[in-house]
Every structure is written in structure tokens, then in C-alpha cells.
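Residues per chain, in single letters:
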Amino acid sequence: MNIEILIRIFVIVAPLSLVSFGGASSIYAPLQHQTVDIQHWVTAREFLDLFAISRVMPGPGSLFATLIGWQAAGLSGAIMASIAIYLPSSLLVFGVGHVWSRYRGRRWHTALQDGLAPLGAGLLFAGVVTLARLASDGILPIAIIVAVAGLMMWRPKLHPVYFLVGGAAVCFLAYLIGR
Amino acid sequence: MEQPARVPLTSIYRVFFEIGLFSFGGGLVPWIYRDVVEMRKWMTKEDFLPGIALSQVMPGVSSTNCAIYVGQMLRGAPGALTALLAMLTAPFICALVAAWAYKWLLGLPGFQETMIGVAAAAIGMLLRTGIESARMTTKGLAPMIIIAGTFVAVGVLRLPIVPVVAIVGPISVALAWRKSAPPSKPEASNPDSSNPEAGA
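Residue numbers (this note's numbering), protein chains in the order written: chain F, -16 to 162; chain L, 240 to 439.
If you are wondering where the hints come from, they were derived from the structure by calculation, not from laboratory data. Glycine is no exception: its CB is placed at the ideal position from the N, C-alpha and C atoms. Honestly, I wouldn't trust all of these hints.
To be verified - Covered stretches of chain F, as calculated for chain L (at least 3 residues, CB under 8 Å):
1. -5 to 6
2. 30 to 40
3. 142 to 156
Okay, chain F solo, but in the shape it has when bound:
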């Protein structure tokens, strides 16, 4: 077991935990940059595969970090990445919990919510562009991205699983045809 890489996983992932507003969706850009471009734990292709897998698995999307950790250092890497993505933000929630519930409905609740929402949205768009760049070999993935976003806004009640299965089916058919 390589202790050095486990420490590096923690040092890289733990700070991201503290800025993961809205969960994993706000940290895809820095995660990609760190794990693909700098550390070379995964290739761009693996990053995208694991992202897709993390979205079809049950559970929070943050377990994407677990998958990356596994690729970097096996089981111990998966465990370390999970600790690093959950421990800091969880400690923060725990530390703030009692104070928060005592001063409920106050003006700063609203200010925090309203102030952090655009920050989270900006980070999410950064992640979308980063991931789209990885996915865009050819026009088909881009078409799917736009179509799914548009369809979900048009029909918000449809279950997300239809879109995931639909995207898979379209690309599998394209693979069969192009073979």
C-alpha cells in the first residue's frame, strides 16, 4: 500500500469537499484538472466513463470520488477518497448545526442561501463545460447534451433514468451502425 498516494488523494480531494456546493456538481472542473491533467490518476476517457457510472449508480454523485480513488490506488484509494470528500463538509454541517437551528428564519439564512446559489450555479456551469469538452468527439454527444437539457425543461416530470437509457441507446445504435 502506497501511503504517499493516499495522502495525496486526501490533500487534493478534501479541500474540494469544502467547496462542493450542491454536491459533486460544483467540483467537476477542478476534479478533472487535478486527477486527469496534473496527477494522471485517470485518463480523460476514464474520467468520463466513471462520471457516467457515478450518475447511474444509486447514491450521491459524490461517490464519483470513490471511483477515482479506486483507479488511483485500489481499495485503500477508494476508501481514502470517500473520507476526503465527506469528512470536511460533514464536520462543517455538524459544527454549524446547533447554531443554525437556534437562530432559524433569520436574515442571514436567506443571505447565505441567496448568496451561495449563484456561486454554485457558476461552478456547475464550469463543470458542464469541462465534461462536455471531454465528451465532444463528434456531434452526437453534444446533440444529446442539448437535447436532454431541453427535454427536461420541457417535460420536468419525466424520470431521469429515461434520459440516461435514451442517451445510451442512441450511442449504442450509432456504434452498431458505424462498425
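Chain L: place on chain F using the hints.
Here is chain L on its own, set in the frame of chain F:
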């Protein structure tokens, strides 16, 4: 916090394990509410509601944040830890199986070609979430500038995210604070909460 009866840690574990087990695609906070407040009556609605805002505002996954809040309110630190671990048990095992299976899946013909479709659909879902949350964000120029500035800093210029958040976050919250004028907020009926000097 006054509790009618101490909720056993094993019960906390069982409830959140089940919620984690069947979690797919989010929307878990209402489920936690139904289970903890309506069915089991472990907490009052009034005690639970601040937890929703807290779990959305804090970094991390809102459903696990909410589990931590509930666990903490019920049983302090052991309760919070139990709820968090319970919530993650099943998804973590799934993640391990998926990570382990990945290299075999790569051998399947067409696997990567198909996964790019799944990834693209998931990216489309993220894009829609972003558009919706940008729409819901308080109207005005300032939030739009915050969204655009954060996006360019992290997504285009690839500046390190922690300093960006450390600078943009307080500015954005301060702007939102200034905008939330005390009289227009019906919840802030408590006279202590209105601070006329800071709002001006």
C-alpha cells in the same frame, strides 16, 4: 433540545440505511422528512425545517448533510456519525462493485461508445439543473455577474477553486445580505433580527 424519548442508534442506522439503499437520482430530503417527522415522529416539523436550508447551503450532498443534521439533533455526535455512515453504506458498496467491475466492462464491445451517451445525458441533466438554478437565483445584475465570473474563473481560466470561492463567496453573500432588507422579510418578525444599520 428536549427529546420525548431517546431514539436508539440502531434505529437511526436502519432508517438511513434504507434511504441510502433506495436512493437514486436525488430528492431524498423530502423522503427523510416523511420518515423522520411524519412516520416516526422523532422530530417536530419546526425542528426539521432549518435542517433543509442548512443542508442546501452547506457544501456537500444535501441528503447526507440532512442526515447528519437529523442524527445530531436526535443523538449528538454519535447520532450524526451513525446517520452519515448508514446513508453511505449501500451506495459505497455499489461504488466499490462498480469500480471493480469497470475494467471488465471495458472489455465489452461498444461499452465506451455507449457510456459516452450516458455521460452526455448526465451532462445535459447537469446543464438543465444549472439553468434552473440560475433562473431561480434572485433577480438582478449582481447574481448574474457572480454566476458568469465564477464560471469564467473556474471553467475557462481554470483558476484554483478554493481561492475563487473564498473571494467570490463572501462578496456574493454580502450582496445578498444588503438586498434582503429586513422589513420585506416576513419570517424575520422577531425585532432582534432586524439590523437597520447593516441593511442601509
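Tested hints:
For the region -5 to 6 of chain F, the stated coverage by chain L is satisfied: 9 residues place a CB nearer than 8 Å to a CB of that chain, which reaches the threshold of 3. For the region 30 to 40 of chain F, the proposed coverage by chain L is satisfied: 10 residues have a C-beta within less than 8 Å of a C-beta in that chain, meeting the threshold of three. As drawn, the region 142 to 156 of chain F meets chain L at 12 residues by the rule of a beta-carbon pair under 8 Å; at three or more, the given contact holds.
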